[in-house]
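Engineer: Read off the chains here:
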Amino acid sequence: QQQVKQSPQSLIVQKGGISIINCAYENTAFDYFPWYQQFPGKGPALLIAIRPDVSEKKEGRFTISFNKSAKQFSLHIMDSQPGDSATYFCAARVSGGGADGLTFGKGTHLIIQP
Amino acid sequence: DGGITQSPKYLFRKEGQNVTLSCEQNLNHDAMYWYRQDPGQGLRLIYYSQIVNDFQKGDIAEGYSVSREKKESFPLTVTSAQKNPTAFYLCASSNDRVTGTEAFFGQGTRLTVV
Chain A
4 QQQVKQSPQS LIVQKGGISI INCAYENTAF DYFPWYQQFP GKGPALLIAI
54 RPDVSEKKEG RFTISFNKSA KQFSLHIMDS QPGDSATYFC AARVSGGGAD
104 GLTFGKGTHL IIQP
Chain B
-7 DGGITQSPKY LFRKEGQNVT LSCEQNLNHD AMYWYRQDPG QGLRLIYYSQ
43 IVNDFQKGDI AEGYSVSREK KESFPLTVTS AQKNPTAFYL CASSNDRVTG
93 TEAFFGQGTR LTVV
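So the sequences go chain by chain: A and B. What the first sequence shows, in the working numbering, is residues 4 to 117, in sequence order. What the second sequence shows, in the working numbering, is residues -7 to 106, in sequence order.
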């Protein structure tokens, strides 16, 4: 049973455009929702994260939108740049001790065309 | 300079061999994790450990074993019972006692069966 569903699987965006990646979750006990960025041959690195008590979080060109009632959250990359080309993973966890790790979406391969 | 170190970066295994992947962290994190990454599959949890001398199976533990004799170290052994071991293996750590903290990943070990 996949607890975090991510879409699309791949995405091509023109330089300067907006990249949007969506995730949906099932477990209402999840209380921490990070996005990770991964370049080929490297480990994932935290990009931005949100708790369910806020509906939006922005850090530079990256924004997470969170809809608790719909159990959905999304990543928006504004003014997308070729350097943003990478694989992006959404994730979710129940935090605060006794957690069994992050549950990941299957990833989105993002290509920004110059 | 804190972080997670995985070694080796590349590893080749012959059929029927056991191999051990190393993971060391100097972040003073209690929790450590092993994930397996396959194309189009996202990251799947193999084993995790919340404290020294204790660990739990994740979603795909069959054919793998771990130990946690020291807080800093969480080696993963891929045994001959793992029928399809070729994959990218990622180690991570986090401070689960603090709600909503991120997981830090190592740079991964790519294991290939030859």
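Please note that a few of the clues may not be correct.
[Said to hold, decoys possible] Restricting the straight-line Cα-Cα distance to at most 27 Å, the calculated cross-link-like pairs of lysine-lysine (BS3-like) are:
{"no.": "1", "chain 1": "B", "residue 1": "62", "chain 2": "A", "residue 2": "74"}
{"no.": "2", "chain 1": "A", "residue 1": "109", "chain 2": "B", "residue 2": "62"}
{"no.": "3", "chain 1": "A", "residue 1": "109", "chain 2": "B", "residue 2": "75"}
{"no.": "4", "chain 1": "A", "residue 1": "8", "chain 2": "B", "residue 2": "49"}
{"no.": "5", "chain 1": "B", "residue 1": "49", "chain 2": "B", "residue 2": "75"}
{"no.": "6", "chain 1": "A", "residue 1": "45", "chain 2": "A", "residue 2": "71"}
{"no.": "7", "chain 1": "A", "residue 1": "60", "chain 2": "A", "residue 2": "71"}
[Said to hold, decoys possible] Derived DEER-like restraints, expressed as beta-carbon distance ranges:
{"no.": "8", "chain 1": "B", "residue 1": "48", "chain 2": "A", "residue 2": "71", "range": "36 to 44 Å"}
{"no.": "9", "chain 1": "A", "residue 1": "31", "chain 2": "B", "residue 2": "43", "range": "36 to 44 Å"}
{"no.": "10", "chain 1": "A", "residue 1": "45", "chain 2": "B", "residue 2": "4", "range": "18 to 26 Å"}
{"no.": "11", "chain 1": "B", "residue 1": "6", "chain 2": "A", "residue 2": "21", "range": "26 to 34 Å"}
{"no.": "12", "chain 1": "A", "residue 1": "71", "chain 2": "B", "residue 2": "43", "range": "25 to 33 Å"}
Bear in mind the hints are in silico, worked out from the structure with no lab data behind them. Just so you know, even glycine gets a beta-carbon here, dropped at the ideal spot from N, CA and C.
Engineer: Against this structure, judge whether each hint is valid.
Structural biologist: We went through each hint and held it up to the structure:
no. : hint                      : verdict
1   : B:62 <-> A:74             : 38 Å, violated
2   : A:109 <-> B:62            : 32 Å, violated
3   : A:109 <-> B:75            : 22 Å, holds
4   : A:8 <-> B:49              : 23 Å, holds
5   : B:49 <-> B:75             : 18 Å, holds
6   : A:45 <-> A:71             : 32 Å, violated
7   : A:60 <-> A:71             : 14 Å, holds
8   : B:48 <-> A:71: 36 to 44 Å : 29 Å, violated
9   : A:31 <-> B:43: 36 to 44 Å : 27 Å, violated
10  : A:45 <-> B:4: 18 to 26 Å  : 20 Å, holds
11  : B:6 <-> A:21: 26 to 34 Å  : 48 Å, violated
12  : A:71 <-> B:43: 25 to 33 Å : 32 Å, holds
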